[in-house]
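S.K.: Kindly generate the complete structure, drawing on both the sequences and the hints.
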Amino acid sequence: MTSVAAEARGARPRMLAKSLAFVRRQLLTAWALLFFAYLMLPIAVVAVFSFNHPKGRFNFKWESFTFSNWTHWNAIPGIQSAVVLSLEIAVIASLLATALGTLMALALVRYGFRGRGTTNFIVFLPLSTPEIVLGASLLTLFLNFSFPLGFKTILIAHVMFCVSFAVVTVKARLVGFDRHLEEAAMDLGANEWVTFKKVTLPLIAPAILAALLLCFSISIDDFVVSYFVAGSRVTFPIFVWGAARVATPPQINVIGIAFFVIAVSAMVGNVFLQNQRAKQA
Amino acid sequence: MGFFRLFHRHQGATPYLLLAPGLFWLGLFFLAPLGFLIYQSLESGSIVTGFGFHFSWQWSNYWDSLKGYTGEFERSFEYAGLATVIALVVSYPVAYWIAFRGGRWKNLLLLFIVAPFFVTYLIRTLAWQTILADHGLVVRTLIDLHLVAHGGRVLATGTAVVAGITYNFLPFMALPVYVSLEQIDQTLVEAAEDLYANKWLAFLRVTFPLSLPGVVAGTLLTFIPAAGDFINATLLGSPTSHMIGNVINSKFNGGLDYPSAAAMSFILMAVILGLVLLYARAVGAEKLTG
Chain A
73 MTSVAAEARG ARPRMLAKSL AFVRRQLLTA WALLFFAYLM LPIAVVAVFS FNHPKGRFNF
133 KWESFTFSNW THWNAIPGIQ SAVVLSLEIA VIASLLATAL GTLMALALVR YGFRGRGTTN
193 FIVFLPLSTP EIVLGASLLT LFLNFSFPLG FKTILIAHVM FCVSFAVVTV KARLVGFDRH
253 LEEAAMDLGA NEWVTFKKVT LPLIAPAILA ALLLCFSISI DDFVVSYFVA GSRVTFPIFV
313 WGAARVATPP QINVIGIAFF VIAVSAMVGN VFLQNQRAKQ A
Chain B
20 MGFFRLFHRH QGATPYLLLA PGLFWLGLFF LAPLGFLIYQ SLESGSIVTG FGFHFSWQWS
80 NYWDSLKGYT GEFERSFEYA GLATVIALVV SYPVAYWIAF RGGRWKNLLL LFIVAPFFVT
140 YLIRTLAWQT ILADHGLVVR TLIDLHLVAH GGRVLATGTA VVAGITYNFL PFMALPVYVS
200 LEQIDQTLVE AAEDLYANKW LAFLRVTFPL SLPGVVAGTL LTFIPAAGDF INATLLGSPT
260 SHMIGNVINS KFNGGLDYPS AAAMSFILMA VILGLVLLYA RAVGAEKLTG
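Just so you know, the sequences run in chain order A and B. For the first sequence, our numbering assigns the number 73 to the initial residue and increments by one for each residue that follows. For the second sequence, our numbering assigns the number 20 to the initial residue and increments by one for each residue that follows.
Worth flagging that the hints you see were computed from the coordinates, not collected in a lab. Ideal Cβ positions, reconstructed from N, Cα and C, are used throughout, including at glycine. One thing to keep in mind: the hints can contain errors.
Under the rule of at most 25 Å between Cα atoms (straight-line distance), these lysine-lysine pairs were calculated in the DSS-like manner [to be verified]:
id: 1; chain 1: B; residue 1: 218; chain 2: B; residue 2: 125
id: 2; chain 1: B; residue 1: 86; chain 2: A; residue 2: 351
id: 3; chain 1: B; residue 1: 86; chain 2: A; residue 2: 90
Looking from chain A toward chain B, a few residues come up when the C-beta cut is under 8 Å (computed) [what the hints assert, rightly or not]:
id: 4; residue: 100
id: 5; residue: 101
id: 6; residue: 114
id: 7; residue: 137
id: 8; residue: 139
id: 9; residue: 306
id: 10; residue: 328
id: 11; residue: 329
id: 12; residue: 339
Chain A residues, not near chain B, derived (Cβ > 12 Å throughout) [to be verified]:
id: 13; residue: 136
id: 14; residue: 146
id: 15; residue: 147
id: 16; residue: 148
id: 17; residue: 277
id: 18; residue: 281
id: 19; residue: 346
M.R.: Structure follows, in C-alpha cells:
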C-alpha cells in the first residue's frame, strides 16, 4: 500500500464531489432563471397583447400590431373613471392606514402595557383572515345599518385591511432602533416633541415610506373586498372583472402594463440609488 | 401633553392614546363585522319569503352548508394545500440562490419577484387564460409529450386552478423564505462542514432548520388567501373545480342568501384558524403574532 495509491483513491471522490458541486451550482442557477422566466411569462403576454388589434370582443388571439390601444387608452367607457377612483382610494387609504399603523407600532414597540398581547393578536388577525371573509363581514355590517355603499365604504375597507400591514412594516424597523440616539438628543436639551421630530421620525421615515408604498399597492390591487362593499362604484379591478365576462379590451392590458412600468422603474431607480449610496459610504 | 411622551415606558395613558385610532378602526370595521357575520349566520328566512331575515339560532345554516357544499370545502383546502406545497418547492431554491449567490444584485432580484404584483391580480389571471388556452403553445406541447390526452384541455380543470393560485401567491412564499435564509450566519454552515458534514447534510441539519420561520410564514401567507380564493377558480376553472369562495361570493353578490353565505364564511375562517394553530404548534413557532 503506497501513499500514491491512497492519494489517488482520495482524489477521485474529491473530483466527483467537485463536479457534483459544479453541476449543483449550475442547476440552482438554471432553476432560478427558469423561475424568473415563469414569473415574467404572464406579464410578457399582457404586454404583447396590449399592442394587439383583436377582431372580436376578446383579446386572446394575436391579430395585428397597433399602437392605438396606448394612444386611446381611455376609449372604453368607464375605464378612466375606474382608474381615477382606484388611485383616489389608494392614495387616501394608504395615507390614513400608515398614520394609524405608525402610531400603533410606536405604542406596541415602545411601551409595556396591559393588553399588549391582545392588541398584537387583533393586528395579526386581519392578516390571517381570507379576503372574502373580510368583505362579507363588512358587507353585513353596512347592510345591518343600511349604510349606503360607495366611495366611503370602499375607503373604510381599504384602510381596515391596510392598517395591519403598516403596523408590521413600521414595527420591524422600530425593533432594531437605537434608543441611545433619542436619549442623546434629550440630554442635549431637546424636548420630547423636538426629539421625535428631529431624531425618531427621520430614522423611521424609510419604514413609513415602505408602509405607504405597500398599502398603496395592496389597495390599488384589491378586488375581493372592494367587490363586496363597492355598491355601484367601479374600481379598476372591478372594471376588469366586469369586462372579463363580456369582453376584454386591450386597454385593460395597457393600464396594467403602465402601472407595472411606473412601479418597477421607480423601484429599480431606488435600488440603484441605494447601491450608489452604499458605494459612497 | 401625554401624547408626546413617546420615550418613557409606563407612561400611563400614552400607549392607549397612540393605539386608540387604529384599534377603533379595527374594532369597528373588522371585529364588529365579524360579530355581525356570526349573527347573520344564525338567521333564517330567504329572499323568496320576502327580504326579511330574522335571528332564530338557525344552526342548520351551518350543517346545511357543510352537507350541501362538501365538495367545494374539500377542494378549497385541497387546492390551497397543493398550491402551497408547490410554491414552497418551486421558490425555496430560488430564495436560497438569491440569499447566498445574489451578491450585490440581491435587491434587484427581489424586485423581480415582487414585480408581477404590479400588474393587477385579475389581469395576471386573465393572462394565464391566454397561456393555457386550448390551442395555445403550452397545451399543444403537453399533448405532444402525451402529458395531456389528445384533444384534452388544461383550461377549465382543477390543474389550471392550482397553477393559477400557485403563480398568484408565489411572492408570498418566496419573500419570507428569503428573509430567513438571508439572516443565517454562514459561519454556522462552515462549522458544520468543518465537522465533516457534507454540503447536503449541512443544508439538512443547519440551513433548513434555521430557515423554518420563513417557511412557516410563507406557508401561512400562501395558504390563507389561497383557501378563500375564487378568482382563479372562476377564470381558470369550471363549475366542477369551484371552491367555497365561489359559493360564498355567488350567495352574497348574486343569490342574496346572506345567512348561509355568512355561515360558510365563518366555517372557512374557523377551519383556517384551526389549521394555523395546529400548524404553528407542530412546527413550534411561538412568535407567530410578532
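S.K.: Among the hints numbered above, which are violated by the structure, and what are their numbers in rising order?
M.R.: 2, 3, 7, 8, 9 and 19
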